[in-house]
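We have chain A already, so just place chain B on it with the hints.
Chains A and B are the protein sequences, given in the same order. According to full-length UniProt numbering, the first sequence is numbered sequentially starting from 1. According to full-length UniProt numbering, the second sequence is numbered sequentially starting from 1.
Hints may contain errors.
Which bits of chain A does chain B cover? Going by a derived footprint, with three or more residues having C-beta under 8 angstroms, they are [claimed, not checked]: (1) 139-150; (2) 203-213; (3) 251-264; (4) 292-304; (5) 345-356.
Since the hints were derived computationally from the structure, they do not count as laboratory data. Predicted model, so just to flag it, every value in this text is computed and none were measured. For every residue, glycine included, the Cβ atom is placed at its ideal position computed from N, Cα and C.
Protein chains: 2
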Amino acid sequence: MIARVLAAELAAHIGERVRVAGWVHRGRELKSVTFVIVRDRSGLTQVVTAGPAPAQETVVEVTGLVTANSKAPGGVELVEPVIAVLGEAVAAPPFDLYRPVVPATLPTILDGAPVSLRHPALRAQFEIAAASVAGFRSALDAIGCTEIHTPKIVGSATESGANVFGIDYFGRRAFLAQSPQFFKQSMVGVFERVYEVGPVFRAEPHDTARHLAQYTSLDAEIGFITDDRDVMSVLRHAIAGMVSSAASRVEAVSLLGARLPEVPAEIPVIHFAEAQKLLGGKDEIDLSPADERWLSAWAARELGSEFLFVSGFPMAKRPFYTHPQPGNPKYSNSFDLLFRGLELVTGGQRLHRHADYLAALAERGESPEAYRSYLDVFAHGMPPHGGFAIGLERWTARLLGVANIRQTTLFPRDIHRLTP
Amino acid sequence: MIARVLAAELAAHIGERVRVAGWVHRGRELKSVTFVIVRDRSGLTQVVTAGPAPAQETVVEVTGLVTANSKAPGGVELVEPVIAVLGEAVAAPPFDLYRPVVPATLPTILDGAPVSLRHPALRAQFEIAAASVAGFRSALDAIGCTEIHTPKIVGSATESGANVFGIDYFGRRAFLAQSPQFFKQSMVGVFERVYEVGPVFRAEPHDTARHLAQYTSLDAEIGFITDDRDVMSVLRHAIAGMVSSAASRVEAVSLLGARLPEVPAEIPVIHFAEAQKLLGGKDEIDLSPADERWLSAWAARELGSEFLFVSGFPMAKRPFYTHPQPGNPKYSNSFDLLFRGLELVTGGQRLHRHADYLAALAERGESPEAYRSYLDVFAHGMPPHGGFAIGLERWTARLLGVANIRQTTLFPRDIHRLTP
Chain A
1 MIARVLAAEL AAHIGERVRV AGWVHRGREL KSVTFVIVRD RSGLTQVVTA
51 GPAPAQETVV EVTGLVTANS KAPGGVELVE PVIAVLGEAV AAPPFDLYRP
101 VVPATLPTIL DGAPVSLRHP ALRAQFEIAA ASVAGFRSAL DAIGCTEIHT
151 PKIVGSATES GANVFGIDYF GRRAFLAQSP QFFKQSMVGV FERVYEVGPV
201 FRAEPHDTAR HLAQYTSLDA EIGFITDDRD VMSVLRHAIA GMVSSAASRV
251 EAVSLLGARL PEVPAEIPVI HFAEAQKLLG GKDEIDLSPA DERWLSAWAA
301 RELGSEFLFV SGFPMAKRPF YTHPQPGNPK YSNSFDLLFR GLELVTGGQR
351 LHRHADYLAA LAERGESPEA YRSYLDVFAH GMPPHGGFAI GLERWTARLL
401 GVANIRQTTL FPRDIHRLTP
Chain B
1 MIARVLAAEL AAHIGERVRV AGWVHRGREL KSVTFVIVRD RSGLTQVVTA
51 GPAPAQETVV EVTGLVTANS KAPGGVELVE PVIAVLGEAV AAPPFDLYRP
101 VVPATLPTIL DGAPVSLRHP ALRAQFEIAA ASVAGFRSAL DAIGCTEIHT
151 PKIVGSATES GANVFGIDYF GRRAFLAQSP QFFKQSMVGV FERVYEVGPV
201 FRAEPHDTAR HLAQYTSLDA EIGFITDDRD VMSVLRHAIA GMVSSAASRV
251 EAVSLLGARL PEVPAEIPVI HFAEAQKLLG GKDEIDLSPA DERWLSAWAA
301 RELGSEFLFV SGFPMAKRPF YTHPQPGNPK YSNSFDLLFR GLELVTGGQR
351 LHRHADYLAA LAERGESPEA YRSYLDVFAH GMPPHGGFAI GLERWTARLL
401 GVANIRQTTL FPRDIHRLTP
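Pulled out of the complex, with its shape left as it was, chain A reads as follows (with noise of 0.2 angstroms):
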């Protein structure tokens, strides 16, 4: 058997016989030739051939003389082939995958989206995808974080009430995991240093473009901290990670485009209420999404940074677990990374004492029964400590420039959509 050469390793075997496979992306039957286009996970192969093509992503084994041809993708072609199907398509892709702009609307994207991914471009986004998960665990790896897996069903919703998908437990009631926000905590009293990479869930009733039901949340949680900005720290040296293995992908961000940004050796900061005094003197809890841009733009234009952190965060606006500001517990230790616009990340410190826990609960009329399991890891000492979130849905879809985040999600979950 002839092995199986992948269409970007073509133009090494020029004048030797070779079995390629994929799919027929496209067939052009010609008067007196006929191109077939194959497409495979490296790239395109064109095959000509004097038969009918095969129907659009029909799967086919074609043995083939490899050619020089400048004009053909990647500067080689398969002539005097022998074309065998694999695999019979039956029905029609919902649109032409072969077509350089997706020539669809986001809904019949998302309902063949099977089908519809195969098209280069769309792929190309899940490879940016997998290649930044992977930088961010690389990074996170060389700083000594071991990767955890904490449960996704929980006895109680303890980050929030609402937005909680509850489950029948065996007869029980239980609820999907907001966040892994507890488990990794107490993992720091394991490991120091922890990251998982997992689905979270949230029962999100507004169709947003910026919300889903299910996303993959890229967490992290770090010990022996002096504060928030060790955390940043942390933040920086993943994203940069994160940017540089998605570089890795050459011919994905060629293919879309796409502009990566550059990672300052140092993200700049502003505090809270200084950011409120630039935006005119406001004097608000929080960012409203005009805030986040406006920041955003400042940043970029004056301190050349497609990144900012805002920190010092209201505690209004933030969880009881966080840390509040030293000297001034108006604010938290506690910041949110801007990158292009919008807020990319939500990170701080953490409180890390057991009475610390009790008041804030307390000042904020809590019970802390309902958080006994997670308090108790508070009363077998626990250092300083911090960590982060990163959506990777929304990550790729700000790297990548993509409006909505269903589209960088492969099966996406949202009120309306449980299918595919």
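Then chain B, alone, in the frame of chain A:
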């Protein structure tokens, strides 16, 4: 500020004043001197002081002079220390974490998991698990796989109606995915070769040592195979990567006294029918646990391999998407991988033609309607493909000789256990 030094690095700093930080693993107050053993993620540091020892699990920062002492852990100790408390321990750990053998029963360990897992021998298991996953991914990256993230919320309980968790999904009925089977198959149409590391859910009503309500599945699916032998070859490659990566955690392997297996260049394969003969002329359609043990011992004894593929499993015991064995459709192109007496992995070739799926469902008396979005994929041209799934917790348990997979799960979920 003096930068923090890890326990494992101390020997390189003899004669220097350094700062270490960690948990009080043990305090021993003798007549004239107190030894405080501080545990960090790299190991133990002996601190020699005059005062009382802080309570077990107190988080401390110690600045002291590194001095050689052949009787101390790592051959060095810290003298003239200044000890500062970073995080108080206000409750005692569930058991003494410093005892070499964990002095607690499984329920005690699991009830106090966030603290129990600080025990070096328990933590080391999860370092091996993390290394195994890293090895799985790098082996598959090396052969051109793309990592995917698929929905854990699905619209129909396709794989098997039983053992599925129901969710209230915005007022509709939905389910937790029992496997990424259908998604990973469909993504072969996009990426040719994919893998996913993620949670899967089984409403397992039996309280066994081998089953959990959630576990971490290492899934792979590979297109353009000839048959299941190619799948076995990829699985062998992945397993070799996992073992080799686990072996790189020298400290953890040594602490656990783990004997890691040799992965043969070719793992021996025995056909199910042959296995029946070896088992004394049986004519069953599945292997019993006793059969698995016998065959595994036979392979170790006769073939010198701790791994054994049993191929050609009867179709009667395999899901409808399994590819039958050409020429003998009583059997299938699917296999189990036995390891140290137990089934570790199931895998095989899948059907890839639309008509074959329709026929397979009709033969089982099932309606294609329930599988519509899955079947659609095969109407659009799919290559011959196959794959496998490795349960991470079961893998780690087998590798380390642990009897119950709850011990190799950070926070196990079963019919009784929903916390911590």
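Structure-based check of each hint:
1. Check result for the segment 139-150 of chain A against chain B: holds, 7 residues qualifying (beta carbon to beta carbon below 8 angstroms, three or more required).
2. For a cut-off of 8 angstroms, the count of residues in the segment 203-213 of chain A with a CB near a CB of chain B stands at 3, and the three-residue condition holds.
3. Using a Cβ-Cβ cut-off of 8 angstroms, 0 residues of the segment 251-264 of chain A lie near chain B, which falls short of the minimum of three, so the contact claim is violated.
4. Coverage of the segment 292-304 of chain A by chain B is violated in this model, with 0 residues showing a Cβ closer than 8 angstroms to a Cβ of that chain against a need of three.
5. Only when three residues or more bring their CB closer than 8 angstroms to a CB of chain B does the claim for the segment 345-356 of chain A stand; here the count is 4, and the claim holds.
Going down the numbered hints, you'll see the structure goes against 3 and 4, while the others check out.
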